[in-house]
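Novice: Residues per chain are reported as follows:
Number of protein chains: 2
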Amino acid sequence: MKYGRVLLEDVEGYVPGEQPQTSDVIKLNTNENPYPPSPRVIEALQSVSVNALRRYPDPVSLNFRAACARRYGLPNADWVIAGNGMDEVLAMAVRTFVDPDDAILTTYPTYTLYETLAQLHGAHIVEVDLDENFQLPEAFFETPARLVFLTRPNAPTGVAVPKGAVERLCESFDGIVFLDEAYVDFADAHCMDLVQQYDNLIVGRSFSKSYSLAGMRLGIGVAQPAIIDEFLKTKDSYNMNAVAQRVGKAAIEDAATLEANTARIRATRGRVTNALTELGFEVPESQANFLFAQWKGSPSAKTLFESLRDRGIFVRYFNARRLDHALRISIGTDAEMDALLTALGEMIAPVRA
Amino acid sequence: MKYGRVLLEDVEGYVPGEQPQTSDVIKLNTNENPYPPSPRVIEALQSVSVNALRRYPDPVSLNFRAACARRYGLPNADWVIAGNGMDEVLAMAVRTFVDPDDAILTTYPTYTLYETLAQLHGAHIVEVDLDENFQLPEAFFETPARLVFLTRPNAPTGVAVPKGAVERLCESFDGIVFLDEAYVDFADAHCMDLVQQYDNLIVGRSFSKSYSLAGMRLGIGVAQPAIIDEFLKTKDSYNMNAVAQRVGKAAIEDAATLEANTARIRATRGRVTNALTELGFEVPESQANFLFAQWKGSPSAKTLFESLRDRGIFVRYFNARRLDHALRISIGTDAEMDALLTALGEMIAPVRA
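Protein chains in written order, with my numbering: chain A, 1 to 353; chain B, 1001 to 1353.
Incorrect hints may have been included.
Derived contacts from chain B toward chain A, CB cut-off under 7 Å, selection only [claimed, not checked]: (1) Y1003; (2) L1008; (3) P1020; (4) R1054; (5) S1212; (6) A1242; (7) A1260; (8) A1263; (9) A1267; (10) S1307; (11) R1311; (12) G1312.
Source of the hints: derived by calculation from the structure; they are not laboratory data.
Given the structure is predicted, the values throughout are model-derived calculations rather than measurements.
Note that the Cβ used here is the ideal one computed from N, Cα and C, for glycine as well.
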């Protein structure tokens, strides 16, 4: 493109998971929540006034941020930045804390968007391979960078590193530690309390999974006020629309719905992990709302992925090193998971028989 | 901030117009539309399904972009990029077409966000002063840069440069021409047709003013597909939420509401221009939904601004060169404008008497 940046010539951008347009499929490929969001969300949406549409929204999303602070026991809204999805918070973190040509550290495997964001900014991504149990190796703590993205629980493995590893990282890393807790509401422990202790830690949260609000694009970053001040400089002038701000506030104030939905998903996760293991998959203990089902048998994982798709069951397959022998399967309703297990059983049984 | 970028040390970020929290004020300070949006917008909002909330939205906003293309007589959605407000399209344009250290050309005065965006990107803003009639001087056509932001009609003056000047710029400028048509639905002529002719032109549109949707953050950039392809690389993964996509489509498909509301505002604009002129203001012919009311008398424009504010009437005052003798007054309802005119009359009359 004649007027384009050289930087972008080889960039393809982030490729999101497939979104089938028909509604009669079983969608276990993008880690959405199978259960509806809080009834308060629906109320908030239905009660948006004409004036809220007509007027500019609060540019700094104060009511939403204050509600998040209350929920997490933080002093006030100065500890929270709101984003148009956590993806926007991630992009802002790169623009706010990384100079072009700086290094950004992350693990392999992890969320592939980090690499895209680094490329777009002209920064270098440094990936350190997780060990064979998908835990952090020593090299990870010894690699210098301006910013580190650590996903806990990680995607697409579902494995959470110990909280002690996060503390160690905050202490030893000379730069910003962005802890991506997109899936942490499905985990046994989170690290939100550490932001009061470490001045270089940002904890990111998403409303897409545990709050069933992927469609609304809601995410936050939680950190000490000096960090949030920097975000406020670089964020888009009005980055959150009025509807998202209201919906986000309604969602975070309804802890009961969150807990009920995540408990159901955790229960299903346990049951499906066992069933997949019985079918011969190797499934690391997941702390997220998906399973990383490794399959070394025949037919190949890729064939299983394609066959499931032919039956209208969408899971995620990554054609990449250390991942191409596995399916990433989001936890849906029990009925959806039963359909998946039945289908897999039928595909695998003839081979095993 | 210990981990911050040197680049951001002196950045204050964009300062939006004041948003009073009480509802019993007359708000003529941020160019919002006093009339409600299309009834189809309300319908679209009320009919958002639980699945639309729960699932990821279309990452490329295809239905919304296709509706925009139809509306403007363009071949298809490949000619349109959707933004979370036109502000996001502006920010994307900088990131997509400007390298840090490049120059961005604009006029003075104009929308101050351009300078903020340049700063945040590490680019240089080059401002060329408009002439005494707020038209483009020769120097503007002779200044090299990577990208130019031209607002037509301009803010805060309301003056539109001739369409021929835009054509001349597209022909002579060696870089991307971003024509910001945020206010063009209130003008006599627009330049949307020029995108088929010039491969370096991006026409930006906002839904905040003419569509009464400032709260929804909706904007677009229209350009030839090679330019849109570059935007698609750099945009956030899911930059538009599901509600905004639906609302935007509903709004742009209702041309009748747009035309009715803009016609009312244009009629009020003419009447108020005359009344302000009679009061002694000098008001350049506005093609936008606001007036640039220049006041060289006593009390000063700043005092008028403050006195209006004390009476609960908010207008915009810019403490800046060439602007500090004027009030920027958004066009509200006829009743709101009558209240403004009465108040101004009372403040000015004792001095003139």
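Novice: Work down the list of hints and note, for each, if the structure agrees.
Specialist: Taking the hints in turn, this is what the structure says about them:
| no. | hint | result |
| --- | --- | --- |
| 1 | Y1003 | holds, 5 Å |
| 2 | L1008 | holds, 6 Å |
| 3 | P1020 | violated, 10 Å |
| 4 | R1054 | holds, 5 Å |
| 5 | S1212 | holds, 5 Å |
| 6 | A1242 | holds, 4 Å |
| 7 | A1260 | violated, 15 Å |
| 8 | A1263 | violated, 18 Å |
| 9 | A1267 | violated, 19 Å |
| 10 | S1307 | violated, 24 Å |
| 11 | R1311 | violated, 20 Å |
| 12 | G1312 | violated, 16 Å |
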